[in-house]
Amino acid sequence: MCGTIEVREDVPTPDFATEDDLPVTVGPGGRLKFAPGTDRPLKVPAGTEVQFVWDSDRHNIVVDDRPEDADWTGTPDAPSETYDAGYEYSHAFDVPGVYRFHCQPHEAAGMTGTIVVEAA
Numbered sequence: 017m018c019g020t021i022e023v024r025e026d027v028p029t030p031d032f033a034t035e036d037d038l039p040v041t042v043g044p045g046g047r048l049k050f051a052p053g054t055d056r057p058l059k060v061p062a063g064t065e066v067q068f069v070w071d072s073d074r075h076n077i078v079v080d081d082r083p084e085d086a087d088w089t090g091t092p093d094a095p096s097e098t099y100d101a102g103y104e105y106s107h108a109f110d111v112p113g114v115y116r117f118h119c120q121p122h123e124a125a126g127m128t129g130t131i132v133v134e135a136a
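Counted the way this note's numbering counts, the sequence shown spans residues 17 to 136.
Don't take every hint at face value.
[What the hints assert, rightly or not] Cut-off 16 angstroms, straight-line C-alpha distance, at most; resulting in silico cross-link-like pairs (EDC-like, lysine to aspartate or glutamate):
{"#": "1", "residue 1": "Lys59", "residue 2": "Asp37"}
{"#": "2", "residue 1": "Lys59", "residue 2": "Asp36"}
{"#": "3", "residue 1": "Lys49", "residue 2": "Asp100"}
{"#": "4", "residue 1": "Lys49", "residue 2": "Asp73"}
{"#": "5", "residue 1": "Lys59", "residue 2": "Asp110"}
{"#": "6", "residue 1": "Lys49", "residue 2": "Glu123"}
{"#": "7", "residue 1": "Lys59", "residue 2": "Glu134"}
{"#": "8", "residue 1": "Lys49", "residue 2": "Asp71"}
{"#": "9", "residue 1": "Lys59", "residue 2": "Glu35"}
{"#": "10", "residue 1": "Lys59", "residue 2": "Asp31"}
Derived by calculation from the structure, the hints in this document are not laboratory data.
Let the hints inform the model, and build the full structure from the sequences given.
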């Protein structure tokens, strides 16, 4: 087998949001995204209480993927129930790992998010 392996040192690392960027705004300015979460994954230490604040209407949080021992199920009564601007919801992320979620009415439009929880 012949060939060349190119090692690149300029590969960009993901730009993560941190605790300083909380709370997570749901539907900021009417846009179909979580901020942070959609464009920039949120990275927090285990035990962090993450607050989600609705800035526009008809959104919820449905969990797609979570660590095996995690108990996060998203907003109450999701996916059938949605919430409007002014609604607030919090969850303590105690189990390290990657959490992926979406807004059920707007998933096809790209309203998805990621939270990475690191061991404290």
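Query raised in the report: Checked against the structure, which of the hints given earlier come out wrong?
Result: Every hint satisfied by this model.
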